[in-house]
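Colleague: All chains should be built: construct the whole structure from the sequences, respecting the hints.
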Amino acid sequence: MAESPVLIILAGGASSRMWPLREKSLIKFGAQPLLVTQLQQYAALGFREVIIVANLENRVDIAGLVEGMTDMKIEIVVQPEPKGMGDAILKAEPVLANRLDTPVYINQIHDVVEDKLHLDMLAAHARNPAASYLAGYEMTEYFPGGYLVVDAAGRISGMVEKPGAENRPSNLVTFVAHLHTNVGQLFEAIKAEYTKDIPSDDHYERAMDALMKGMTYQVVRYSGQWKALKFPWHVLDIMNVFLDQLKGKGQQVAESAFVAKTASLVGDVYIGEGAKIFPGAAVVGPAYIGAGVIVGNNALVRNSMVLSGSNVGFTTEVARSYVAEHVDMHACRVLDSVLASGVNFSAGCTTANLRIDKGTVSSRVKGNKLDTGRDKLGAIIGQGAFIAVDAMTMPGVKIGEGAQIGPGTHVIQDVGDGKRVYVKQEVVVSD
Amino acid sequence: MAESPVLIILAGGASSRMWPLREKSLIKFGAQPLLVTQLQQYAALGFREVIIVANLENRVDIAGLVEGMTDMKIEIVVQPEPKGMGDAILKAEPVLANRLDTPVYINQIHDVVEDKLHLDMLAAHARNPAASYLAGYEMTEYFPGGYLVVDAAGRISGMVEKPGAENRPSNLVTFVAHLHTNVGQLFEAIKAEYTKDIPSDDHYERAMDALMKGMTYQVVRYSGQWKALKFPWHVLDIMNVFLDQLKGKGQQVAESAFVAKTASLVGDVYIGEGAKIFPGAAVVGPAYIGAGVIVGNNALVRNSMVLSGSNVGFTTEVARSYVAEHVDMHACRVLDSVLASGVNFSAGCTTANLRIDKGTVSSRVKGNKLDTGRDKLGAIIGQGAFIAVDAMTMPGVKIGEGAQIGPGTHVIQDVGDGKRVYVKQEVVVSD
Amino acid sequence: MAESPVLIILAGGASSRMWPLREKSLIKFGAQPLLVTQLQQYAALGFREVIIVANLENRVDIAGLVEGMTDMKIEIVVQPEPKGMGDAILKAEPVLANRLDTPVYINQIHDVVEDKLHLDMLAAHARNPAASYLAGYEMTEYFPGGYLVVDAAGRISGMVEKPGAENRPSNLVTFVAHLHTNVGQLFEAIKAEYTKDIPSDDHYERAMDALMKGMTYQVVRYSGQWKALKFPWHVLDIMNVFLDQLKGKGQQVAESAFVAKTASLVGDVYIGEGAKIFPGAAVVGPAYIGAGVIVGNNALVRNSMVLSGSNVGFTTEVARSYVAEHVDMHACRVLDSVLASGVNFSAGCTTANLRIDKGTVSSRVKGNKLDTGRDKLGAIIGQGAFIAVDAMTMPGVKIGEGAQIGPGTHVIQDVGDGKRVYVKQEVVVSD
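Protein chains in written order, with my numbering: chain A, 1 to 431; chain B, 1 to 431; chain C, 1 to 431.
Just so you know, not all the hints are guaranteed correct.
Just so you know, same-sequence chains aren't split out, so a pair can sit in one copy or run between any two.
[Unchecked claim] Here are the computed lysine to any residue pairs in the SDA-like style, where the Cα-Cα straight-line distance is at most 20 Å:
hint, residue 1, residue 2
1, K276, R302
2, K424, R355
3, K358, Y422
4, K227, R17
5, K419, D357
6, K276, V266
7, K419, V429
8, K424, S4
9, K191, G267
10, K358, R420
11, K358, D417
12, K358, G402
13, K366, R17
14, K358, G342
15, K28, D237
16, K419, R355
17, K424, M394
Note that these hints are calculated values from the structure, not bench results.
Modeller: Listed below in structure tokens is the structure:
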């Protein structure tokens with residue numbers, strides 16, 4: 001049997017595009033952060049050693065998270081500056097210095113895929129340990145990413161970035177699930193690229209191009225679920241991946257949970273310890289209700305995740321939304337939205353989720369307007385923001401951490417961290 | 001037995017006073033347009049031949065509607081210009097040219113009455129086919145319409161228009177349920193009036209005045225229900241006539257409908273095929289829920305009609321309102337209102353239905369402010385209008401077809417077809 | 001056994017600090033005014049004679065209220081001008097003129113305490129009728145009121161007003177539960193103070209200081225519930241005293257009341273005659289629902305009092321609030337608020353109850369901003385005020401009698417009696 005590869009998980013990328021949310025690997029889906037869930041998945045698949053490439057900001061948090069994990073040997077290395085993926089991978093070199101002939105399997109923390117991909121990669125490696133393997137995501141529609149150039153036998157001769165719909169060399173989009181059979185060769189090839197004076201940070205891709213000339217790279221085709229957490233609205237996509245895992249499991253209700261006689265649980269729902277579903281409330285699956293959550297009288301949660309300690313007050317509707325921990329909502333409508341922990345969303349508030357012209361919703365990221373591709377998207381609200389009564393957010397709007405939105409405000413553009421926004425009404429008083 | 005009269009149904013009047021609604025005869029009450037329901041009623045009463053006087057705009061639609069009706073012989077004639085009721089009646093002449101001695105029974109499509117009136121008219125005619133008959137609506141309070149001048153034996157000698165409360169010749173108000181025993185004489189009398197140079201369009205009334213001198217016109221007294229569809233808020237009155245027909249029939253729930261265990265059906269309600277009444281929702285009769293309608297969690301529909309394919313979303317209230325097909329409502333309050341098909345009424349919206357001074361509600365029709373006589377009246381909203389979140393309409397306001405009302409707007413006056421209305425807030429942002 | 005003391009109830013204080021509410025003694029908690037409830041409590045404890053000191057405004061109402069009470073002999077005397085408590089007490093002199101050696105027990109109508117205090121006062125008097133007794137409220141935290149100076153044997157030698165936290169002579173705060181063993185001596189001492197030219201209205205306190213030099217005043221310690229009705233938000237405190245009395249009594253539902261099958265009664269609730277709790281509604285105890293009240297579909301009342309004839313409409317929430325008689329609420333949120341009788345609180349309205357900075361709520365009384373000490377406080381709304389749809393009140397705001405608040409208004413400061421407040425929106429109309 002082939003040697004089991006060492007996992008290299010890239011978790012050092014900046015999360016600035018996730019504003020007003022924070023560090024992606026720490027976002028909880030269900031009871032634990034994405035990083036932990038991903039690591040558990042790898043452990044269950046048989047991986048025994050992981051090197052996590054962190055950055056200066058998240059290394060302490062990540063170290064705390066993995067402390068208790070004993071299924072795998074976990075090392076954390078740090079990439080101090082964002083100098084590209086090649087540089088990130090090189091940070092693993094000291095850990096592997098005395099066994100440079102080991103195979104490595106490189107993944108990104110923010111790519112969420114099914115077991116099948118990893119199993120197929122491992123199986124291919126087991127069949128022929130001499131070759132390296134890159135995943136190729138089978139896509140019918142054009143996607144503006146990198147495409148693999150592949151021959152009939154599945155051997156990869158190169159990659160083409162954004163070739164245009166007409167010039168695709170294959171239907172196989174690249175993404176980072178890369179099994180290199182010899183990490184020493186990989187390190188050398190990357191280092192060679194960093195010595196060149198090319199004004200571009202695709203050293204890793206160029207290194208692979210070089211390696212392909214001398215050794216066999218085979219494609220492993222994949223057509224299962226693949227969701228990447230790049231922009232904050234992607235939290236909804238990742239949430240859906242986890243909600244999908246509830247499907248077919250029926251109603252998992254913790255013993256210490258309370259479900260009122262006139263409350264309704266419909267479909268596949270998970271109700272955590274000590275949660276309370278009050279009279280007239282409904283939870284419509286797939287839905288995850290965390291520990292200690294209160295779903296108040298006549299409230300509705302559907303196709304959503306509400307994390308522990310949050311309060312879904314009277315007649316509140318949470319639909320297709322991600323609600324982090326200790327969020328207070330009351331008589332409001334949270335639709336297709338992401339609420340970070342500690343947000344207060346007051347009575348009468350609504351996250352409008354549909355453009356009047358019914359077009360897809362756009363949102364600004366670092367100054368640029370991006371089409372989110374979503375027909376429905378509400379708001380994304382940072383930790384601890386306070387949204388006062390009767391406020392309304394326009395589709396795709398983002399509100400920063402600790403921001404305060406005054407009563408009745410129409411939030412029509414992004415609000416920075418800690419900003420306070422108030423509306424002045426022109427009032428007429430008469431006898 | 002007397003010859004059964006040929007029905008002449010006047011359906012050619014302009015519907016401009018119905019704005020933002022369209023053609024009256026096509027408005028659906030329950031599953032089918034008013035015209036079809038009226039025709040079925042006549043067929044059930046034994047009528048065998050109908051001439052419908054249409055106009056250039058509605059003739060195609062009307063032709064389509066009556067195509068499948070085989071109970072009666074139906075002919076459609078067209079009055080191309082609005083030249084008065086006399087002219088409309090004359091359009092039936094070609095159809096009846098070879099049998100000018102036939103009796104005709106003239107009705108207007110927008111008058112909704114009980115069977116009893118028609119039966120009494122037919123019975124009177126059967127007893128004495130030589131006479132003609134006009135319905136007289138018994139009214140105790142003064143009504144600013146036409147009154148019949150009647151002797152003790154019920155013979156009519158004339159009509160007086162708006163005589164004033166003090167000068168009423170009788171308590172019998174005229175309305176168009178007229179059985180003329182000889183249509184040829186009627187045609188001639190009308191034509192004679194059109195040859196005169198009188199600047200008034202009451203040729204038909206004048207023709208009757210002339211006929212009364214030579215032949216017997218008897219009154220048929222009527223005190224049952226009579227509702228006329230002249231102004232758009234009359235849709236609520238006509239709706240109530242049809243809702244009244246549900247009374248005493250209990251709960252008619254289609255087999256394919258779904259009613260959740262914790263949903264409530266109260267009183268006389270009709271639930272159509274495939275409709276879904278979700279947990280915690282209530283339908284309080286008399287109420288008509290069309291095929292495929294969804295009454296969402298904790299929503300309430302009472303004393304209302306919601307036509308097929310509409311969506312009464314979470315915690316929405318529809319009270320004493322008419323909601324046409326494919327209307328989307330969500331977490332809003334539709335009170336004493338008329339929503340045409342395809343309207344989007346978003347979360348947090350309310351149709352205010354009560355004046356602060358508690359006076360009757362007025363509304364503008366073709367530039368004139370009319371007292372609707374209603375203590376409660378919400379909004380009347382044309383086809384396909386989009387009302388964004390948290391909008392509010394003042395009592396009696398009308399919104400045109402395809403109009404767009406921005407978030408949080410107070411709609412205090414009528415909005416034209418296709419107009420877009422937005423509110424600019426004065427916003428203060430601070431640190 | 002000692003002679004039973006004559007009760008003197010001070011009800012003549014002005015209620016101007018209660019604006020926009022009226023006369024305190026007439027405010028109903030449950031089915032009857034505070035005055036009646038208090039008198040019944042005294043009668044049940046064995047008191048047989050009461051002198052009520054009224055003022056020119058409330059004497060007729062008070063006379064009407066006590067008319068039918070036969071358990072005790074009740075006399076009403078009037079203090080025409082607000083000349084201090086000493087003057088108020090002297091108004092009882094004519095009634096007691098021929099028995100000046102009687103003991104009297106002086107209480108204020110707006111102090112709500114437990115039976116225990118009165119029983120302890122009576123027991124102390126029975127043990128030693130020769131002494132007089134003042135209640136001392138045991139308080140650990142400093143309270144800016146009067147403190148008793150007491151020796152080890154409980155003998156009172158004086159009172160100190162607002163001594164500061166450091167200089168408290170005891171932990172015993174004074175409040176008006178004063179049993180004087182000889183009313184004649186009290187009258188004389190008060191009169192003596194009124195002959196002096198001291199620019200202060202504490203004649204009564206000075207009289208007691210003088211009396212203490214010659215006779216024994218003993219403290220009766222009390223640590224039970226004590227709530228005083230001084231400011232309008234205190235209505236909520238007094239309400240809670242009465243709601244507490246429901247505790248442990250379970251569900252008291254009048255026979256003529258209707259509770260729908262899917263409605264929920266939770267905890268200790270009182271449902272009055274003819275009240276209707278509609279499907280999906282919930283009443284969460286302790287809560288008092290008066291006669292004929294309607295709690296509409298999917299509405300919620302918790303920890304509140306809703307008096308007879310009021311209407312808690314569809315999806316309305318009433319939480320920790322006092323709602324007087326004949327109040328109409330619809331699809332709104334009444335939180336930590338006081339609504340006087342006849343208020344109309346329309347759909348979409350909310351009483352914001354929480355400051356964004358989470359500080360305690362302040363409110364203005366007679367021009368001065370007072371800290372109410374409450375973390376949560378909504379609005380206080382005077383009789384007959386009309387609050388139109390989508391209005392919002394800021395925490396601690398007060399709205400005068402008969403005021404009209406237009407749609408969508410943010411009420412950020414107090415609104416005077418009869419005032420009308422409207423908002424002008426800047427509207428943009430385009431094609």
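Colleague: Now, for every hint given, state plainly whether the structure supports it.
Modeller: Evaluated hints:
Taking the shortest alpha-carbon separations for K276 and R302, both the intra-copy value of 16 Å and the inter-copy value of 17 Å come in at or below 20 Å. Taking the shortest Cα distances, K424 and R355 sit within 20 Å of each other only across copies (18 Å), while inside one copy they are farther apart (25 Å). Only between protomers do K358 and Y422 lie at most 20 Å apart by alpha-carbon distance; the minimum there is 17 Å, versus 28 Å within a single protomer. For the homomeric pair K227 and R17, the shortest alpha-carbon distance inside one copy (16 Å) is at most 20 Å, but the shortest distance between copies (55 Å) is not.
When the C-alpha separation of K419 and D357 is checked against a cutoff of 20 Å, the pair qualifies only between copies, where the shortest distance is 13 Å, while the shortest distance within a copy is 30 Å. With identical chains, the CA atoms of K276 and V266 are at most 20 Å apart both within one copy (16 Å) and between copies (14 Å). In this assembly of identical chains, the alpha carbons of K419 and V429 lie at most 20 Å apart only when taken from different copies (7 Å versus 31 Å within one copy). In this homomeric assembly, K424 and S4 never come within 20 Å of each other (Cα to Cα): the closest approach is 65 Å inside a single copy and 63 Å across copies.
When the C-alpha separation of K191 and G267 is checked against a cutoff of 20 Å, the pair qualifies neither within a copy, at 53 Å, nor between copies, at 72 Å. Taking the shortest alpha-carbon separations for K358 and R420, only the inter-copy value of 15 Å comes in at or below 20 Å, while the best intra-copy value is 30 Å. For a Cα distance limit of 20 Å, the shortest separation of K358 from D417 across copies, 19 Å, qualifies, whereas the shortest one inside one copy, 29 Å, does not. Taking the shortest Cα distances, K358 and G402 sit within 20 Å of each other only across copies (13 Å), while inside one copy they are farther apart (31 Å).
Proximity of K366 and R17 under a CA criterion of 20 Å is satisfied intra-copy only: 7 Å inside one chain copy versus 53 Å between copies. Taking the closest pair of Cα atoms, K358 and G342 come within 20 Å of each other only across two copies (14 Å); inside a single copy the shortest separation is 31 Å, beyond that limit. For the homomeric pair K28 and D237, the shortest alpha-carbon distance inside one copy (13 Å) is at most 20 Å, but the shortest distance between copies (42 Å) is not. Only between protomers do K419 and R355 lie at most 20 Å apart by alpha-carbon distance; the minimum there is 16 Å, versus 26 Å within a single protomer.
For the homomeric pair K424 and M394, the shortest alpha-carbon distances inside one copy (19 Å) and between copies (14 Å) are both at most 20 Å.
Hint compliance for this structure: hints 8 and 9 are broken, all remaining hints hold.
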